[in-house]
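With chain A's structure known, arrange chain B on it following the hints.
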Amino acid sequence: MKPNTQQLNNLTIQVRRDILRMVHAVNSGHPGGSLGCTEFLVALYQNVMDRKPGFDMDGKDEDLFFLSNGHISPLFYSVLARSGYFPVAELATFRLLNSRLQGHPTTHEGLPGIRMASGSLGQGMSVAIGAALTKKMNNDSHLVYSLHGDGELQEGQNWEAMMYAAAYKVDNYIATIDLNGKQIDGPTDEVLHMGSIRAKFEAFGWDVLEIEKGNDIEAVIAGLTEAKSRTGKGKPVCILLHTEMGNGVDYMMYSHAWHGKAPNDDQLANALTQNYCEGESDY
Amino acid sequence: MKKYTNTGNKDTRSGFGAGLTELGQKNENVVALCADLIGSLKMDDFKKNHPERFFQIGIAEANMIGIAAGMTIGGKIPFTGTFANFSTGRVYDQIRQSIAYSDKNVKICASHAGLTLGEDGATHQILEDIGLMKMLPGMTVINTCDYNQTKAATMAIADHHGPVYLRFGRPSVPNFTPENGTFEIGKAILLNEGTDVTIVATGHLVWEALVAAEALEAKGISAEVINIHTIKPLDEEAILKSLAKTKCIVTAEEHNILGGLGESVARVLALNHPAPQEFVAVNDSFGESGTPAQLMEKYKLNNQAIVEAVEKVIKRK
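Protein chains in written order, with full-length UniProt numbering: chain A, 1 to 283; chain B, 1 to 317.
Calculated directly from the structure, the hints in this document are not laboratory data.
All C-beta atoms, glycine included, are put in the ideal place defined by N, C-alpha and C.
Misleading hints may appear alongside valid ones.
What the hints assert, rightly or not - Dumping the calculated SDA-like pairs for lysine to any residue here, alpha-carbon to alpha-carbon at most 25 Å:
#1 K52(A) to N29(B)
#2 K233(A) to A167(A)
#3 K10(B) to N49(B)
#4 K136(A) to E28(B)
#5 K235(A) to D36(B)
#6 K26(B) to N138(A)
Unchecked claim - Across the chosen pairs, the derived CB separations fall in these ranges:
#7 P112(A) to N180(B): 40 to 48 Å
#8 D159(B) to G156(A): 49 to 57 Å
#9 A270(B) to E190(A): 22 to 30 Å
#10 G186(A) to E184(B): 53 to 61 Å
#11 G195(A) to P51(B): 36 to 44 Å
#12 A266(B) to P112(A): 16 to 24 Å
#13 T107(A) to E184(B): 24 to 32 Å
#14 G234(A) to L190(B): 38 to 46 Å
#15 H193(A) to D93(B): 22 to 30 Å
#16 D93(B) to T225(A): 43 to 51 Å
#17 D185(A) to E297(B): 48 to 56 Å
#18 D159(B) to D56(A): 15 to 23 Å
#19 P276(B) to P87(A): 42 to 50 Å
To be verified - So the derived list for chain A, only partly shown, Cβ under 10 Å to chain B, looks like this:
#20 F55
#21 F66
#22 T134
Isolated chain A (complex conformation) (with noise of 0.2 Å):
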């Protein structure tokens, strides 16, 4: 049975409270866009996503997700453990000399549910594009969802996969788009200003949804679900996901200041206050 909203609001905490505790154990990784982007992983895994009990590589008749911006790591990794993939108390060895939680996600040390390495930008589209057309191939009418920044954009190899997916009509496809509007540098808009990231994935021919409230668990829910009906009608469907980097503690948001930067203890007391529900079961 799918969690109600108030459970999920409730691992969202949870899953902010892993974040913030990851980062501050090894005084490194990157909490900011981690922060942001709760909602929508613990929206997709907990209740879009159609999945299979156990991991296996291939994924075959279930749907599957990549995480092209991969320095979000500690999110994935602990709506992974939350969701059942891997012990939760392996969370601790985050960052750690031999453990399978690298700084960017891995299939290399084998850590279940992950399926592809990223942390190297704007290679993520291609992947997933390719995992669905294999799934066409099966005939596996299940989805393929990614995760990219905006900043990533500016990769070109994005705007390489936008142009194939949308030409060779990869419908059974959603790439959601987490518009934070910050990089490492500064805003996106002053680091290399992308104009209309709508117009660009129209122009390109592709079904485009946004969801303005991208840190509201039911506003990400029924974003996902317009997008999964927009699914198998020959356009490869966008979601650009509004999100407030570092939503969640209050000294983080509004900057881009906590992208790359670990908070110290006291911050940290501070930040777990803020994210604080019952029954909360820390690793």
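Leaving out everything else, chain B in the frame of chain A:
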């Protein structure tokens, strides 16, 4: 010396095309991707016979590599085809992260390798691709010598789980290995037994090595010729066994002297049994326009160059 008969010049890329065609009939998981070079890669037959398993990606090699990596998820065995330069240097990071590091079962098939593309010049020739590919952990690197061997290798790599770089070329060259022979990845082939020098050659230089061995025989020098089609994993045992007899070695390849077969062999020698070695390879330069034969002569990649290298290395024993 053992005689080899050229059954007629053929291009190695056509061996790839023939192998792919046969694979298409044998293995329904084999899929093929091309970046706007179907004719050059001889992928027409596969496309015609299996349109549902053929993917024209357009001039977008990075996307092709990523799509191929993703296609493996669900059990497909993708074969990508484009020129060697665009198969490696242009997409190195995509291969590194999405294929090699992710351990994806993709076969990167590269034509027009080395100088013998000829007139198009250095932008389309690549002399660094073996080095680039062999440095990637887990990558198998193969450079075949003729049509028959390229066809056999194309079919063999489908049965090997893991990323493979298969390198071949454009010009028509002697076809002398057995028709429908088996291809064993990582197993060197002893073509001619000899006692004075070991010649280890790969790709188009294998036939040149055989021609050189005949010329050397006339001069009273007995050359052992080994066909190293697999540069990684390298058949170290075969090299060391031969070296124990001949005490010196010449490596020959259509590649930069830096990063190629020669350096791999030198490492084996240094770690196991230091011995004189001479390199027939391009001396750290780009190529240029010219006919294949002119280029192979100018850059000293032919049988005469191998003979000279042998005479030099024997004096160093």
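So, going through the hints one by one against the coordinates:
1. With a C-alpha separation of about 23 Å, the suggested pair K52(A) and N29(B) falls inside the 25 Å cut-off, and the hint holds.
2. Straight-line distance between C-alpha atoms of K233(A) and A167(A) comes to about 13 Å, which keeps the hinted pair within the 25 Å bound.
3. Taking the CA atoms of K10(B) and N49(B), the gap is about 23 Å. The hint holds against a cut of 25 Å.
4. A hinted pair counts as satisfied when its Cα atoms are at most 25 Å apart, and K136(A) with E28(B) qualifies at roughly 14 Å.
5. Between K235(A) and D36(B), the direct Cα distance comes to roughly 23 Å. Compliance with the 25 Å bound is thereby established for this hinted pair.
6. About 17 Å separates the Cα atoms of K26(B) and N138(A), which keeps this hinted pair within 25 Å; it holds.
7. P112(A) and N180(B) have their C-beta atoms about 43 Å apart, which keeps the hinted 40 to 48 Å range intact.
8. For D159(B) paired with G156(A), a C-beta distance near 35 Å fails the hint of 49 to 57 Å.
9. A270(B) and E190(A) have their C-beta atoms about 52 Å apart, which leaves the hinted 22 to 30 Å range violated.
10. A hinted range of 53 to 61 Å for the beta carbons of G186(A) and E184(B) is consistent with their spacing of about 56 Å.
11. Remark: the range hint 36 to 44 Å for G195(A) to P51(B) is upheld by a beta-carbon distance near 37 Å.
12. Between A266(B) and P112(A) the beta carbon distance is about 42 Å. The supplied range of 16 to 24 Å is therefore violated.
13. The given range of 24 to 32 Å is respected by T107(A) and E184(B), whose C-beta atoms sit roughly 28 Å from each other.
14. Range check, G234(A) to L190(B): about 57 Å between beta-carbon atoms, so the 38 to 46 Å window is missed.
15. Between H193(A) and D93(B) the beta carbon distance is about 25 Å. The supplied range of 22 to 30 Å therefore holds.
16. Judged by the Cβ atoms, the range 43 to 51 Å given for D93(B) and T225(A) is violated: they are separated by roughly 36 Å.
17. Evaluation of the 48 to 56 Å hint for D185(A) and E297(B) yields a pass: the beta carbon distance comes to about 52 Å.
18. For the hinted restraint 15 to 23 Å between D159(B) and D56(A), the CB-CB distance of approximately 21 Å keeps it satisfied.
19. Between P276(B) and P87(A) the beta carbons are some 57 Å apart, a value that contradicts the proposed interval 42 to 50 Å.
20. The interface hint given for F55(A) is broken, as the beta carbon of that residue sits about 12 Å from the closest beta carbon of chain B, more than 10 Å.
21. Interface hint status for F66(A): upheld, as the beta-carbon distance to the closest one in chain B is roughly 8 Å, under 10 Å.
22. Hint status for T134(A) relative to chain B: holds, with the closest Cβ pair at about 4 Å, below 10 Å.
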